[in-house]
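Residues per chain are reported as follows:
2 protein chains.
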Amino acid sequence: MLKHKKRKLLVSPPLIIAGSFLCLIALGTILLKLPFATTTSVSWVDALFVATSATTVTGLSVFDPGTTLTLFGELVLLFLIQCGGIGTMTFAVAILLLLGKKVGLQNRIYLQESFNQQSIGGIVKLTKLILIFVLTVESVAISLLTLHWIPTYGFSDAFYYSLFHVVSAFNNAGFSLFADNLMGFTSDPIVNLILSSLFIIGGLGFVVVVDIFQKKSFRTWSLHTKMMVIGTIGLNVFAAITLFLLEFNNDSTIGKMSLWDKIFTSYFTAVTPRTAGFNMIDYGQMEDPSLLFTMFLMFIGGGSASTASGIKLTTFMVTLLATFAFFRFQEEPSLFGRSIRKETVIRSLAISTVSLAIVFLFTFALTISEKLPLLPLVFEVFSAFGTVGLTMGITNQLSNIGEVLISIVMFLGRIGPLTLFFILTKPKKVNYRYPYDQVITG
Amino acid sequence: MLKHKKRKLLVSPPLIIAGSFLCLIALGTILLKLPFATTTSVSWVDALFVATSATTVTGLSVFDPGTTLTLFGELVLLFLIQCGGIGTMTFAVAILLLLGKKVGLQNRIYLQESFNQQSIGGIVKLTKLILIFVLTVESVAISLLTLHWIPTYGFSDAFYYSLFHVVSAFNNAGFSLFADNLMGFTSDPIVNLILSSLFIIGGLGFVVVVDIFQKKSFRTWSLHTKMMVIGTIGLNVFAAITLFLLEFNNDSTIGKMSLWDKIFTSYFTAVTPRTAGFNMIDYGQMEDPSLLFTMFLMFIGGGSASTASGIKLTTFMVTLLATFAFFRFQEEPSLFGRSIRKETVIRSLAISTVSLAIVFLFTFALTISEKLPLLPLVFEVFSAFGTVGLTMGITNQLSNIGEVLISIVMFLGRIGPLTLFFILTKPKKVNYRYPYDQVITG
Ligand SMILES: [K+]
Ligand SMILES: [K+]
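In order, the protein sequences belong to chains C and E.
Per this note's numbering, the very first residue in the first sequence carries number 1; after that it's consecutive.
Per this note's numbering, the very first residue in the second sequence carries number 1; after that it's consecutive.
Be careful, since some hints might not be right.
Identical chains share a label here; the pair holds if one copy fits it or two copies do between them.
[What the hints assert, rightly or not] Within a straight-line C-alpha distance of at most 16 angstroms, the following computed EDC-like cross-link-like pairs (lysine to aspartate or glutamate) qualify:
{"hint": "1", "residue 1": "K33", "residue 2": "D180"}
{"hint": "2", "residue 1": "K262", "residue 2": "D282"}
{"hint": "3", "residue 1": "K371", "residue 2": "E287"}
{"hint": "4", "residue 1": "K342", "residue 2": "E331"}
{"hint": "5", "residue 1": "K215", "residue 2": "D288"}
Treat the hints as calculated values from the structure; they're not laboratory data.
These figures come from a predicted structure and were not determined experimentally.
Full structure from sequences and hints, please.
Below is the structure:
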């Protein structure tokens, strides 16, 4: 009986995802704790924190990776980032297929029509496709960036820096070998545009990229792809203008830059919170409204089944569309001549609610465990949940409990509320309905 | 054509509500600006702020009402509170009926079955009932409190203080004639229990009170009443224990009190954020986790069609129930053997989304207009939106723009996201549906 239960649990796809990440984190912790991985000894908690941060492609770190890690340590980091990033893309797509199949029978909460591959064989094929896609994009980007950096660093360093930052960018990890992350490149549009293009593409999600490649015309794209493309462009432009205006006179960030540098740095600062996490400015010096806005962007995050986290752009958009539809007395929201099911709306509500609850509860716990002000703590939790990696500079001031708490948030943010909850809950077999009763809300 | 449009708009119930409040605020502003209303001259913006705060039964104030207002000024305040409070109860019920009728035809988003009165005559009858209910409860409470206070203040002062605080409590206004609000009564359980009972009853909502009186047995109560009673008791007990533990060792709040005073003060501090706003402790000295928790309570608020604001307890509970139902693969949430419609769930999502948007946008605006730290500003916005009136002590440090912004939030919080949006949007006549398309969220 017990044995049967255990076996049943072991094959559940959400548990496979969570388990794989946990194994990778454990392996990473041990590897980073090896004497020849770091130049100075690091604690187990610190090793766990950085391994979690790399595997969940967050980018928060309690030490400077460039100086504390040896070449071996850096390669471990890169390995964790790449596995974590590809793993998510693959797993996310795979679980969508598997869960979609399972749930689709009951109430079609999940998509399944969007994919053709639904067997294990299909998933293997899909993984191959994703791998080819990832390696192609990364190779092109590494070549370009190496060429750009040869004059400054010479071939071998230029190549190694390019390799590290391209992998880190494409997987939305945000780790950098430079002690000040990318703050030295505010006047270098090439680095800016190559890296931001990488993390934007990585953050769109494999499904979207495939859709764009297969169907050339906008009109034939799926609603999901249309929403992701329009939403990404719209939100990025809006965010860039907002941050440009808010920080224009802040001499500690972009205030003293030339107009062009201001524009490029604002653009980068607008796109990095969803959820790349590289930084070109010091977030400890940012204006309060900009920090608030950045937390909002970090919470939204990128695309589903991508290297980005957060509640996801589509979740946010569906919530907004449903709200507008409600106030226009429409039963279901619609966009581009397509209606969105009530089930998708309720799914978005569930995701948003669990995500807000996670952020709230862990911030609450951190205000008890840490002696730090509220603002940098909330910022850190939003950053960890969105696996962003931006910080107001308190990461290395966290207590051991604080490091463990943030590690848990990074892990939860990476696997997402859906996976988390499908591990914890068992579906009800019978879907009976009681008589309705009115509840007055609002 | 234009005239026709205008006439049509003028009779819309949401506009009547909003308009009535605006008229009352305008009248209050003028009355408080009269030379004999205040002991020292106050600015127009200050008068507007306090008039708005009283009409919306918030309780935030830029000056101390007890010393700044003359007897005339205090009576103006009391009049605004009583009209604002009863007005909301009446209007809220009336609009539920009217809107319920209108929308019910389309998609039954609104309740209508819960009430029998649906004509104008029915609303007049309802208003009478509400008035009788209000005056009965207030009379009993004033008598009790006067008796309790006679030994301290003598009859006439005891009566006047009782009148003012009972009206302020029952309407969830939170205004007090004492300069330190109720901080002087931490060792007086009688004052504590009378006033908290008043604002808890006022915050349950007329619908719930009627249901409890008409049907004696729990089992025959409507789902709405059951949720409100169980939810209120559950949340209050949970909040009291949480705040008791968090503040136990905080010498600036309850740390130095006797155990019984600690318990009673924790209880009061737990129930006042939803949305009475009286305070027995100094919120500027509270621990960060307690402040965070208090903001959460202020956002939830009280019952629908009551003197309380916030998103409302039922909205919060429906959102949670829907989230759990989703993760258990249930189509619709259920409780006490009753199912809740998808429409109610989506309505809750819409209310929560608009409410979060209001809090976020106005906090954002205040971080730009004010030179104050983020935490007290966010706290002030949550307090204003929930028409609570608790403050970390920055109300009188707000700039003129800040005062106007907070006034707008109090007004929006009082009329609620529903009324606001039904003023701004026009229902779509034809409710066609497009073909469905899948959107991946989360
Ligand atoms: K990241
Ligand atoms: K209040």
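Now the hints, each set against the structure:
1. With identical chains, the CA atoms of K33 and D180 are never at most 16 angstroms apart, being 24 angstroms at best within one copy and 56 angstroms at best between copies.
2. In this assembly of identical chains, the alpha carbons of K262 and D282 lie at most 16 angstroms apart only when taken from the same copy (14 angstroms versus 44 angstroms across copies).
3. Proximity of K371 to E287 under the C-alpha cut-off of 16 angstroms is restricted to the inter-copy arrangement: shortest distance 11 angstroms between copies versus 22 angstroms within a copy.
4. For the identical chains of this complex, K342 and E331 are neighbours both inside a copy (8 angstroms) and across copies (10 angstroms), given an alpha-carbon limit of 16 angstroms.
5. With identical chains, the CA atoms of K215 and D288 are never at most 16 angstroms apart, being 43 angstroms at best within one copy and 52 angstroms at best between copies.
When the structure is compared with the earlier hints, violations turn up for hints 1, 5 and for no others.
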